[in-house]
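Top to bottom, those sequences are chains G and R. Note that our numbering has the first sequence beginning at 73, numbered continuously upward. Note that our numbering has the second sequence beginning at 45, numbered continuously upward.
Don't read these hints as lab results, they were simulated from the structure. Each hint should be verified, as a subset may be incorrect.
The following label-pair restraints were derived from C-beta to C-beta distances [unchecked claim]: (1) G:Glu165 - R:Met88: 14 to 22 Å; (2) G:Glu141 - R:Gly155: 44 to 52 Å; (3) R:Glu340 - G:Glu141: 24 to 32 Å; (4) G:Glu95 - R:Gln289: 28 to 36 Å; (5) R:Arg204 - G:Glu149: 49 to 57 Å.
Taking lysine-lysine pairs in the BS3-like style, the calculated list, with each CA pair at most 30 Å apart, reads [stated by the list, open to error]: (6) R:Lys347 - R:Lys378; (7) G:Lys88 - R:Lys132; (8) R:Lys173 - R:Lys123; (9) G:Lys85 - R:Lys258; (10) R:Lys452 - G:Lys82; (11) G:Lys150 - R:Lys123; (12) G:Lys85 - R:Lys123; (13) R:Lys456 - R:Lys504.
Just a sample of chain G residues kept apart from chain R, beta carbon distances all over 10 Å, derived [claimed, not checked]: (14) Ile75; (15) Phe91; (16) Ser92; (17) Ala101; (18) Glu102; (19) Ile106; (20) Ala108; (21) Phe109; (22) Phe162.
Ideal Cβ positions, reconstructed from N, Cα and C, are used throughout, including at glycine.
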Amino acid sequence: MSISKTEIEKLAKLAKLSFSDEELERFTAEFDEIIAFADTINQSIEGGTEEIRNVGARMVSFDDLRADEVMPSLPNEKILSNVEGYNGFFSVERSKK
Amino acid sequence: MEYEVVIGLEIHAELATKSKIYCGCTTEFGGEPNTHCCPICTGMPGVLPVLNKTVVEYAVRAGLATNCTISSFSKQDRKNYFYPDLPKAYQTSQYDLPLCKNGYLEIEVDGEVKKIGITRIHIEEDAGKLIHDESGRVSYVDYNRCGVPLIEIVTEPDMRSSSEVKAFFEKLKSILEYTSVSDCKMQEGSLRADVNLSVRPKGQKELGTRTEIKNLNSVRAIVRAVDGEARRQISVLERNGVIVQETRRWDDEKGESYSMRDKEEAHDYRYFPEPDLTPIVVDEAWLDKIRSSIPELPDDRRKRFMAEYGIPAYDAALITGSKPLADFFEAAAKVSRNAKSISNWIMGDVMKKLNDTGLEPSDMPIKPESLSKLVSLIDENVISGKIAKQVFDIMWDTRKDPADIVEKKGLKVVTDTDAIRSVIIQVISANPKSVEDYKSGKTKAMGFLVGQIMHETKGKADPQAVNRLLKEELDKL
Numbered sequence: 073m074s075i076s077k078t079e080i081e082k083l084a085k086l087a088k089l090s091f092s093d094e095e096l097e098r099f100t101a102e103f104d105e106i107i108a109f110a111d112t113i114n115q116s117i118e119g120g121t122e123e124i125r126n127v128g129a130r131m132v133s134f135d136d137l138r139a140d141e142v143m144p145s146l147p148n149e150k151i152l153s154n155v156e157g158y159n160g161f162f163s164v165e166r167s168k169k
Numbered sequence: 045m046e047y048e049v050v051i052g053l054e055i056h057a058e059l060a061t062k063s064k065i066y067c068g069c070t071t072e073f074g075g076e077p078n079t080h081c082c083p084i085c086t087g088m089p090g091v092l093p094v095l096n097k098t099v100v101e102y103a104v105r106a107g108l109a110t111n112c113t114i115s116s117f118s119k120q121d122r123k124n125y126f127y128p129d130l131p132k133a134y135q136t137s138q139y140d141l142p143l144c145k146n147g148y149l150e151i152e153v154d155g156e157v158k159k160i161g162i163t164r165i166h167i168e169e170d171a172g173k174l175i176h177d178e179s180g181r182v183s184y185v186d187y188n189r190c191g192v193p194l195i196e197i198v199t200e201p202d203m204r205s206s207s208e209v210k211a212f213f214e215k216l217k218s219i220l221e222y223t224s225v226s227d228c229k230m231q232e233g234s235l236r237a238d239v240n241l242s243v244r245p246k247g248q249k250e251l252g253t254r255t256e257i258k259n260l261n262s263v264r265a266i267v268r269a270v271d272g273e274a275r276r277q278i279s280v281l282e283r284n285g286v287i288v289q290e291t292r293r294w295d296d297e298k299g300e301s302y303s304m305r306d307k308e309e310a311h312d313y314r315y316f317p318e319p320d321l322t323p324i325v326v327d328e329a330w331l332d333k334i335r336s337s338i339p340e341l342p343d344d345r346r347k348r349f350m351a352e353y354g355i356p357a358y359d360a361a362l363i364t365g366s367k368p369l370a371d372f373f374e375a376a377a378k379v380s381r382n383a384k385s386i387s388n389w390i391m392g393d394v395m396k397k398l399n400d401t402g403l404e405p406s407d408m409p410i411k412p413e414s415l416s417k418l419v420s421l422i423d424e425n426v427i428s429g430k431i432a433k434q435v436f437d438i439m440w441d442t443r444k445d446p447a448d449i450v451e452k453k454g455l456k457v458v459t460d461t462d463a464i465r466s467v468i469i470q471v472i473s474a475n476p477k478s479v480e481d482y483k484s485g486k487t488k489a490m491g492f493l494v495g496q497i498m499h500e501t502k503g504k505a506d507p508q509a510v511n512r513l514l515k516e517e518l519d520k521l
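Isolated chain R, as found in the complex:
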């Protein structure tokens, strides 16, 4: 039987505020345990939380950028559960009146544009971190992360494949980056996703029983979890089994999910309105102010890059997917006459370097102006494309100016015809066999000779001059 997979996401993003949601402690990642804490975020009795203004602004910004309706009136609620990562024994969240609702994003998969609904976006606080002592009988708790502001973005069950999930997630991530709502550093847990997934026979209207896979913290894990869980559910149904509605955890190393065996009543959070916090009222004036703070979003930027810099749709989509990369491109392209070459360098050598070094685009060691200069050096025939790659490596490691590197290392293209000619004569006399081959019509031999000449000149000879002069010399024979 053919099955259809139905997927919805719940995405948690830590907001890029300086201080926590209800107190002035820093949101900075890491730090010695329990040093970013105060009586409010450790849930001491008698304290009162005060909502951070920027939390509301960032959440509204995220809502506006994802086509949501912003509630003029919303409130915060207590979500009650007992677990030591939550010192108050409740998480302050939003229940029935979220700040943003009814939004959507458009994604493109295999050339088809599809709308993915966003049910709601609400604000809440993050929990602390637990370290379990595997040998002993204790767990250690660090509350530095406790009270760091989060938004939870809940989608409609509109996705049908892992490629749609990937497209949606990456789009949302780039929007959160563009609007500076979150730094989206997945390796630090700033952005994480829960996947809700069910399968049903193709054509069936009713949804199947869904499972939830918690806390996926890389795009790769999300994609693998979606594919793995879909496979698991289909195989259960094929064996006439029953899907149990439950929370599961994905083990990315083993490539399978396992049940967390939550007790049913644990899901009863007994939400009630937070009496210590007043309702959030967003009036038109405030909304306008936030609206005007939203920068150009990835879709608009992609279109503009194509029009303004004349780069192909593929390049524009890839580069604008990441804000720091797009900023880098634009800064370089502005001072360059060859935007396409800049884009090629970014998609090729720059992205490869980032991958190899595990650096984020925002931590790039080279300046956009330097890349632009490097491209000019190639275009003006000062260095060859091959040498440029060497220069690029040195730029990356030393952060030096490309022109300086070329000067100091003597990497300039040799255009001096006399110098090149003397190398050619040398190579010709050292390779009589190849010369003979060439003379008898084997044009491939020419390539070998060019290679030898480039080798002798350490890649610095102007290839066009080499070709021309070599032909001249060979014809003389």
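The following block holds chain G by itself, in its conformation from the complex:
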């Protein structure tokens, strides 16, 4: 599997990142290598998707999940301590869909 420059451009756009042409070329090559590496891992496991999925996955049973109990939340001023808040809200650049 290899990745094209157009795909990298699309990903960058989706991630709201912008790159120079030179950077795009470099990333395309690097991504290619990373994906090839992931492919090697896939090929080293015998079997189909199910087997790949199960490798290393600790099977979690029902009792390992969290019980539905309410725990205290953080106080509002803690939640907002590192941001610009307004009347208890997070304040962000106006974003209307």
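Keeping the supplied structure of chain G fixed, place chain R upon it in accordance with the hints.
Quick look at chain R alone, frame taken from chain G:
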């Protein structure tokens, strides 16, 4: 040309768990902004989510109650998009391996039973709420709702009209209520629907281009949006126009939909498996346990009500459509000898009161036993049907026992024949014209006199006694 409308639904229901899906914050509706939040649900770096057990149980319960196959192995995925209602910049959802799939529900429209396929049910987290400052350049974000567990129920494009959509939606809603999976409070956004709709010339096999109408939060809006969007698409086709595949928003006040003009690439969510959460394995033992927690469902209850309490199919269907209403009926009917009368009261005065006051059936101020007592008071001829309505109003407002109300307000039927007779004689002498009319064969005049007598006795006279005694007195003349 005749067109066929093809509709599928995506329904989001907030689960009735106490805590959020990946952290212990409360799911309670409302609250001061950002007070039901912690580092996990606000997406702080370095935190780890832990799945709430009850979320899986409720989703499986919903799946079993809608005839789905439950996946023994499913996983969670990240759905990536940038919008400030989502602090992690992704929503944890399920992509290719949902918890439940291939289910169906049967609906009945105009006497015809139809199967509506359910493609899948998956679990995911809700997003926060944004308030846009219309004048300024900022939006305010409240993450209290962020991380509240949801199930998304996706149907097959099996519906062909707004009445089918309404029947399906109401049935699904009542099942979610019966199984206690969701409180389904639409006004609080606990239950909302997206409509996928396309039209095609009747007889054509291929589907037309579909549009999606997002976030409809009342049954009325869903029905109106389906009808409105079908009309719009047909009129576009009639003018030889082209339907654009897009997301639209329904403006219920204007009664029309408008395009949200989403950028095409925004739909590319780049799903990938959530590495912070292990796969969900539902084994047979767990499945059995969940299966045994499913209560009697609306269809079964409807049939049982007809058999056990002898109420007509129409009554049974209407009452079992809402779990709290059905519970109320059953509690009242159990201690009553007149189930049909209980059902009449529920379908009439009770539902009218609920409508007028905007209360949910679960918030009903009167007790089922009180309604049952009220019915007995009528049946035992202690009060008249007309007086009963007054008593009912007082019960609703004061939550008092009907017998006490009747006693305190002196509303008992007057069966004392002497007392009634003296009123009759009074009325007869005050209305010689009507008496004359009656005597000359105008039987209608009798009704007028009865009315006068009931008025004089403030509706408390036993109507049968009044009729009998009035006739006696008139015949004497």
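Quick rundown of the hints versus the structure:
1. G:Glu165 - R:Met88: 14 to 22 Å: holds, 20 Å
2. G:Glu141 - R:Gly155: 44 to 52 Å: holds, 48 Å
3. R:Glu340 - G:Glu141: 24 to 32 Å: Between R:Glu340 and G:Glu141, where Cβ atoms are some 29 Å apart, the hint holds.
4. G:Glu95 - R:Gln289: 28 to 36 Å: At roughly 34 Å between Cβ atoms, R:Gln289 and G:Glu95 fall inside 28 to 36 Å, so the hint holds.
5. R:Arg204 - G:Glu149: 49 to 57 Å: holds, 54 Å
6. R:Lys347 - R:Lys378: holds, 16 Å
7. G:Lys88 - R:Lys132: holds, 15 Å
8. R:Lys173 - R:Lys123: holds, 18 Å
9. G:Lys85 - R:Lys258: Given that 30 Å is the threshold and the Cα spacing comes to 25 Å, the pair holds.
10. R:Lys452 - G:Lys82: violated, 78 Å
11. G:Lys150 - R:Lys123: holds, 28 Å
12. G:Lys85 - R:Lys123: holds, 16 Å
13. R:Lys456 - R:Lys504: Status holds; Cα separation ~6 Å.
14. Ile75: holds, 13 Å
15. Phe91: The assertion about G:Phe91 holds, with a minimum of 17 Å to chain R.
16. Ser92: Answer for G:Ser92: holds, closest chain R Cβ roughly 21 Å.
17. Ala101: Correct as stated: the minimum Cβ-Cβ distance to chain R is 21 Å, above 10 Å.
18. Glu102: holds, 18 Å
19. Ile106: Non-interface label stands for G:Ile106: nearest chain R Cβ at 14 Å, farther than 10 Å.
20. Ala108: holds, 18 Å
21. Phe109: holds, 16 Å
22. Phe162: Violated, since 4 Å does not exceed 10 Å.
Checked against the numbered hints given earlier, the structure breaks hints 10 and 22 and satisfies all the rest.
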